[in-house]
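Undergrad: First to last, the protein sequences are chains D and S.
The working numbering numbers the first residue of the first sequence as 758 and each following residue consecutively.
The working numbering numbers the first residue of the second sequence as 691 and each following residue consecutively.
No lab work stands behind these hints: they were computed from the structure.
Idealized CB from N, CA, C, for every residue including glycine.
Each hint should be verified, as a subset may be incorrect.
Derived CB-CB ranges, DEER-like [said to hold, decoys possible]:
hint : chain 1 : residue 1 : chain 2 : residue 2 : range
1    : D       : Leu908    : S       : Gln780    : 44 to 54 Å
2    : S       : Ile893    : D       : Cys1053   : 35 to 45 Å
3    : D       : Arg1136   : S       : Cys885    : 37 to 47 Å
4    : S       : Ala889    : D       : Ile965    : 22 to 32 Å
5    : D       : Glu886    : S       : Leu768    : 52 to 62 Å
6    : S       : Asn708    : D       : Ala916    : 52 to 62 Å
7    : D       : Leu908    : S       : Ile893    : 30 to 40 Å
8    : S       : Leu709    : D       : Val878    : 21 to 31 Å
9    : D       : Tyr1111   : S       : Gly884    : 24 to 34 Å
10   : D       : Leu1045   : S       : Asn708    : 26 to 36 Å
11   : D       : Gly930    : S       : Ile781    : 38 to 48 Å
12   : S       : Asn710    : D       : Leu1023   : 29 to 39 Å
13   : D       : Glu886    : S       : Ala889    : 52 to 62 Å
14   : S       : Gly818    : D       : Tyr1111   : 55 to 65 Å
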Amino acid sequence: MKALRNFFDKIKPYVEEGGKYHAFRSLVDGFETFAFVPNQTSRVGSVNIHDAIDSKRIMSFVVIALMPALLFGMYNVGYQNALVAGQLENATFVGMFLYGLLAVLPKIIVSYIVGLGIEFVVAQWKNEEIQEGFLVSGIIIPMIVPVTCPLWMLAIAVAFSVILAKEIFGGTGMNVFNPALITRAFLFFSYPAAMTGDYTVWVSQSSIFGCGYNAPEAITTATPLGQAALEGFSGYDSATICNAITGLIPGSIGETSFIAIALGGLLLLWTGIASWKVMLSVFVGGALTGWLMQACELTEIQWYEHLVLGGFAFGAVFMATDPVTSSRTECGKWVYGLLIGFVAVLVRVLNPGYPEGMMLAILFMNLFAPLIDYCVVQRNISMRAKRAINK
Amino acid sequence: MSKLFSQENREAFSNPLNLNNPITVQVLGICSALAVTSQLKPAIVMGLSVTAITAFSNVIISLIRKTIPNRIRIIVQLVVVAALVTIVSQILKAYVYDVSVQLSVYVGLIITNCILMGRLEAFAMQNGPWPSFLDGIGNGLGYALILVLVGFVRELLGFGTLLGFQVVPQCVYDWGYVNNGMMTMPAMSLIIVGCIIWAHRSINKEEK
C-alpha cells in the first residue's frame, strides 16, 4: 500500500496541468482516488452534504455484492457446457470453473476497456474528475448477456450506451436509463440472433484453449422461460425450480442463480446501499401479477416461479435498485418497484415474442421514475396546503 | 442577372442548407425523416419530391399571395400543396413504382410536412416568386441532405448495402460481422438525427 502511495506521489507532478504527461491526468486521478480515499473533500465552495463514504466506495461494495453471482455464473457456464457435451461425469469442479472463467473474462475485460476508456477520454476532455459509475456497469454488462455473445458486439453496445445513455446526459448521476440495461437493449434489438436467436446462444458449445468440451452437434438449449414461451410449461417439474434456485439452468451469465443473487442482495441491504423498499416491492409486484395471471389462466407458470426464473431476481436486486435511475421519494419507491414487477410479468406472459420482460420493465419504469417522484411531491404539497387551510 | 442572384436571394437558397436547416435547426419534418430513411433510395426520392413540392408551392402561393383572403389562407395553401403532392405521387407511381410502394403513405403525407406549411407561411406569403422559388429549393435540399445522410448510415449498417448494391463484402460476414437490426428500426434514425444535430450545433457554436 505504502509503495503504491509513494508511486502516486512521485508521478503526480508529471500529470498536473502543464506537466509533461498531463493528457493522463484523469487516468492517474481516477486510479488514485480508487485506491485511496482522497484527502481533499470539496472543490466547489458551495453547500455540500457530508457522507461517510464517497461514491467510489459505494461502487466497490456493489461490485463485491455482484461477486457471488459472477463466480457462480462462471461455474454454471462450464457446467452447462459439460452438460450439452454429455461429459458431466468426467468434468471436475475446477475444470468447469476454469472453462467459465475463460469464457467470461474476455467479456469483462472488453466491457471495462471500452467503457472506462470512453469515460477517461470524456473526463480529460471536459477537464473533470473521472466518474466512477462505470465500475458497476462494467461488471454487470457481461453478466446480463448470453455467454456466446461476440466481443465486438459487446464493444459496440458498451460504447453506444456509455456515450448515448450516459455521457450526453451529463455522466454518472445524470443518466435517465440504466446504462447496463441500455447495453443489453441495444444488443437485443440490434443483434436478436446473437441474443436469443434459435436458442443455441445460451450455452457455450465449444472448448476454449483445451478447456471444456466440444458439443457433438449444435444443441438447442432454451432457457426455461424461452421453453415456456415456445411449447408451454408442462414439461417442467419441481426439479427445474430447484435448479433455478441454485442456478444450474441455461441463461445469461450472472442471472441464473437465485441463491448467489440473494447473497449479494443481503450485502447490499446490510450496507444500506440498495433500497429494501424497491427490492421488496419488485418481488411483491411480480408475485401478485404472476398470481393474477395464473388465476386468469393465462399462463402455466406458477407465481413463485416467475420470481426465480430468468433475470427477475437479478434485475430486482441489482438493476431496479440503482439509486440514480430509480425513484427518489420513499413513497415513489414502492410504486416504482411494484410497477416493475407488474410490467415484467405482464410482458413475459402476454407477449410471446419476449419470453423475458425484466429488461423492458426496468427501462420503462426508469422513464417513469421522475414522473412518480413528481406526483408524490405534488401530493404531499397539496396535502400540507389543505392542512394549513383547514386549520 | 445580378439582381436575380443578389445577396438576399443567395441567402434564401443557402441558409436552409446549413445554418437554418429545416431538420437540424428548425426541427421540422422529423416524422418523415424517421419513416423513410431505412434505405438510401427512398430517402433520395423523398428528398427530391419534397424539394419539388416546396419549390413550386412556394412559387404558386407567392404569385397569388395578394389575392388570398387572409382568413382562409391555410386552406388555399393546403389545396395548392395537395394538388402538387397528387401530381408527384402519380409521377412516382408511373416511373419508380417500387420506390412508390416502399414510401407508401409517406408521399401522401408530404401534405402535412411542417416544412411546407412553414415556408409558405413564413416566406412565400411575404416575398416574390423568384426568391420564394429559391427558398423552396433550398429548404427542400436542406431536408433532402439530412435524409440522405441518415439513409446512408442506416442502409450501410442495417443492410450492408447502398442503393441496393452490396457494399460490405462477404468475407466480413464470414469473420462474424452481423448487420445491425436496430438500424432498420425508426428508433435508431431518431438517434442518428440527434447525433447529426449534436454535431451541427457543436460546429456552428459561434453563429448563434
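Undergrad: None of the hints should be skipped; say for each whether it holds.
TA: Evaluation of the provided hints:
1. Taken as a hint, the range 44 to 54 Å holds for the pair D:Leu908 and S:Gln780, whose Cβ atoms sit roughly 52 Å apart.
2. In this structure the hint that S:Ile893 and D:Cys1053 lie 35 to 45 Å apart at CB is violated, the actual value being about 56 Å.
3. For D:Arg1136 and S:Cys885, the hinted distance range of 37 to 47 Å is satisfied, since their beta carbons lie about 39 Å from each other.
4. Look at S:Ala889 against D:Ile965: about 41 Å separates their beta carbons, and that is not inside 22 to 32 Å.
5. In this structure the supplied range 52 to 62 Å holds for D:Glu886 paired with S:Leu768, their Cβ-Cβ distance being about 56 Å.
6. Remark: the range hint 52 to 62 Å for S:Asn708 to D:Ala916 is contradicted by a beta-carbon distance near 29 Å.
7. Between D:Leu908 and S:Ile893 the Cβ separation comes to about 34 Å, which falls inside the hinted range of 30 to 40 Å.
8. Checked against the hint of 21 to 31 Å, the C-beta distance between S:Leu709 and D:Val878 comes to roughly 30 Å, which is consistent with it.
9. In this structure the hint that D:Tyr1111 and S:Gly884 lie 24 to 34 Å apart at CB holds, the actual value being about 26 Å.
10. At roughly 56 Å, the beta carbons of D:Leu1045 and S:Asn708 sit outside the given window of 26 to 36 Å.
11. Taking 38 to 48 Å as the suggested C-beta distance range, the pair D:Gly930 and S:Ile781 does not conform, at roughly 54 Å.
12. The supplied range of 29 to 39 Å is broken by S:Asn710 and D:Leu1023, whose beta-carbon atoms lie about 59 Å from each other.
13. For the pair D:Glu886 and S:Ala889, the supplied restraint of 52 to 62 Å is violated, since their beta-carbon distance comes to about 26 Å.
14. About 57 Å separates the C-beta atoms of S:Gly818 and D:Tyr1111, a value consistent with the hinted range of 55 to 65 Å.
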